Amino acid sequence: MKHRTSAGVAALAVSVALALTACSSDDGASDAPSESPSSTAATDAPTPTAEDVTALEAVEVSGDAGAEPELVFEAPLEVSVPTSRVVDEGDGAELVAGNQVTMEFVAYQGDGTRLGSSWENGTPETFLLGDAQYDLLTQPLEGQKVGTRILLANPSADAEGNPATVLNLVEITDTQEVPSRAEGEAVEPAEGLPTVTLGENGEPSVEIPEGYEAPGELVVQTLIKGDGPEVTEEQSVIAHYTGWTLDGQVFDSSWERGSPTSFSLQMVIPGWTQGIAGQTVGSQVLLVIPSDLAYGEQGTPDGSIPPNSPLVFVVDILGAS
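Residue numbers (mature numbering (1 follows the signal peptide of the UniProt record, and there is no 0)): -24 to -1, 1 to 297.
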């Protein structure tokens, strides 16, 4: 799904996660579509210098696990590339790529300013380990265990766009396996809608009926009814999905990338927010989204979705938090 993000924000939850991964928007506007999550982070992380390692080793972590710690360091703290350090090793379940991981975190600017924390807001962050949005967490966390605490310093930018380092203390509190596809009771769709066919692995394909006209309002058709909890629009979800323009052309697919993705329902197009909220975890949903609830008159900056394009999605809702 093409997210709507804002560059350089310091608000918590999703925005601190974006600081962790150095995601950025295309134009700095909070309502502008950004690139697909798979393209937001490099797979091969650069190697920290000796100076980077020394700078992070000098950070003192005061406080026990399970509560927000205080980070004490000499400002300005600067690193040239993302740099991590294990503060405490966990003794819980192993963290495996593809699993849902829940973390608490506190974030500081390199000048010593505390940006805030999930402990303060009561909103731990849940993400998919290995998801490109959280790419900088994959290397230091994969193979660790629940209970691990790590420091992660990342060169980023402040609210004015000036170079700045963001320092995070991340504590892993839980991990769970994520199903590979929607599971539940099949639902007979209404007549006249795009026809969905599933491959052996659950990957969907769509046939658009000849002469099908874009609806004036959002169409939400449950195809598989899961038995999990109901999703609310304030939550983040883990989903497998494919999106088509109305001529049947695929423009985005987590299936093609090989793994589900996670995102906040507050950071996507309105058609997703409205269409996914109220569904249950485990469900598969067909969405036919009019252009005014998608990318409207502007389309997407990369041209993959032209202006005034209605969209079709098939979404497997695999988790929510």
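What the hints contain is simulated information worked out from the structure, not anything from laboratory work.
Heads up, some of the hints might be wrong.
[As the list claims (entries may be wrong)] Lysine to aspartate or glutamate pairs mimicking EDC-like chemistry, simulated, CA-CA at most 16 Å apart:
(1) Lys201 - Glu164
(2) Lys201 - Glu153
(3) Lys121 - Asp150
(4) Lys121 - Glu70
(5) Lys201 - Glu159
(6) Lys121 - Glu159
(7) Lys121 - Glu96
(8) Lys121 - Glu164
(9) Lys121 - Asp64
[To be verified] So the derived label-pair ranges between C-beta atoms look like this:
(10) Arg61 - Val163: 23 to 31 Å
(11) Thr89 - Ser181: 34 to 42 Å
(12) Gly74 - Gly42: 40 to 48 Å
(13) Pro282 - Glu232: 17 to 25 Å
(14) Ser181 - Gly74: 19 to 27 Å
(15) Thr171 - Glu27: 29 to 37 Å
(16) Glu189 - Gly98: 42 to 50 Å
(17) Glu183 - Glu161: 38 to 46 Å
(18) Glu183 - Thr25: 50 to 58 Å
(19) Ser38 - Gln115: 37 to 45 Å
As the structure is a computational prediction, the values presented were derived from the model and not from experiment.
The C-beta atom is built at its ideal place from N, Cα and C for all residues, glycine as well.
To see whether the hints hold, each was checked on the structure:
Restraint check: the Cα-Cα separation between Lys201 and Glu164 comes to about 11 Å, which is no more than 16 Å; the hinted pair holds. Restraint check for Lys201 and Glu153: not satisfied, since their Cα atoms lie roughly 20 Å apart, outside the 16 Å limit. Distance check on the hinted pair: Lys121 and Asp150 sit about 9 Å apart at the alpha-carbon level, within 16 Å; holds. A threshold of 16 Å between alpha carbons decides the hint, and for Lys121 with Glu70 the separation of about 4 Å falls inside it, so the pair holds.
Restraint check for Lys201 and Glu159: the C-alpha separation of about 8 Å stays at or below 16 Å, so the hint holds. For the given pair, Lys121 sits about 28 Å from Glu159 by alpha-carbon distance, which is inconsistent with the 16 Å threshold. A threshold of 16 Å between alpha carbons decides the hint, and for Lys121 with Glu96 the separation of about 24 Å lies outside it, so the pair is violated. Restraint check for Lys121 and Glu164: not satisfied, since their Cα atoms lie roughly 42 Å apart, outside the 16 Å limit.
Only pairs whose Cα atoms come within 16 Å are accepted, and Lys121 paired with Asp64 is accepted, the gap being roughly 10 Å. For the pair Arg61 and Val163, the supplied restraint of 23 to 31 Å is violated, since their beta-carbon distance comes to about 49 Å. The hinted window of 34 to 42 Å between Thr89 and Ser181 is violated, with their beta carbons roughly 50 Å apart. For the hinted restraint 40 to 48 Å between Gly74 and Gly42, the CB-CB distance of approximately 26 Å leaves it violated.
Our hint of 17 to 25 Å for Pro282 and Glu232 holds, since their Cβ atoms are close to 20 Å apart. Between Ser181 and Gly74 the beta carbon distance is about 23 Å. The supplied range of 19 to 27 Å therefore holds. Range check, Thr171 to Glu27: Cβ separation about 59 Å, and the 29 to 37 Å hint is violated. Checking the proposed 42 to 50 Å range against Glu189 and Gly98 shows it holds: the Cβ atoms sit about 46 Å from each other.
In this structure the supplied range 38 to 46 Å is violated for Glu183 paired with Glu161, their Cβ-Cβ distance being about 23 Å. Between Glu183 and Thr25, the C-beta spacing of about 54 Å keeps the proposed range 50 to 58 Å intact. One distance hint, 37 to 45 Å for the beta-carbon pair Ser38 and Gln115, is violated here, with the actual separation near 26 Å.
When held up to the earlier numbered hints, the structure conflicts with 2, 6, 7, 8, 10, 11, 12, 15, 17 and 19 and fits the remainder.
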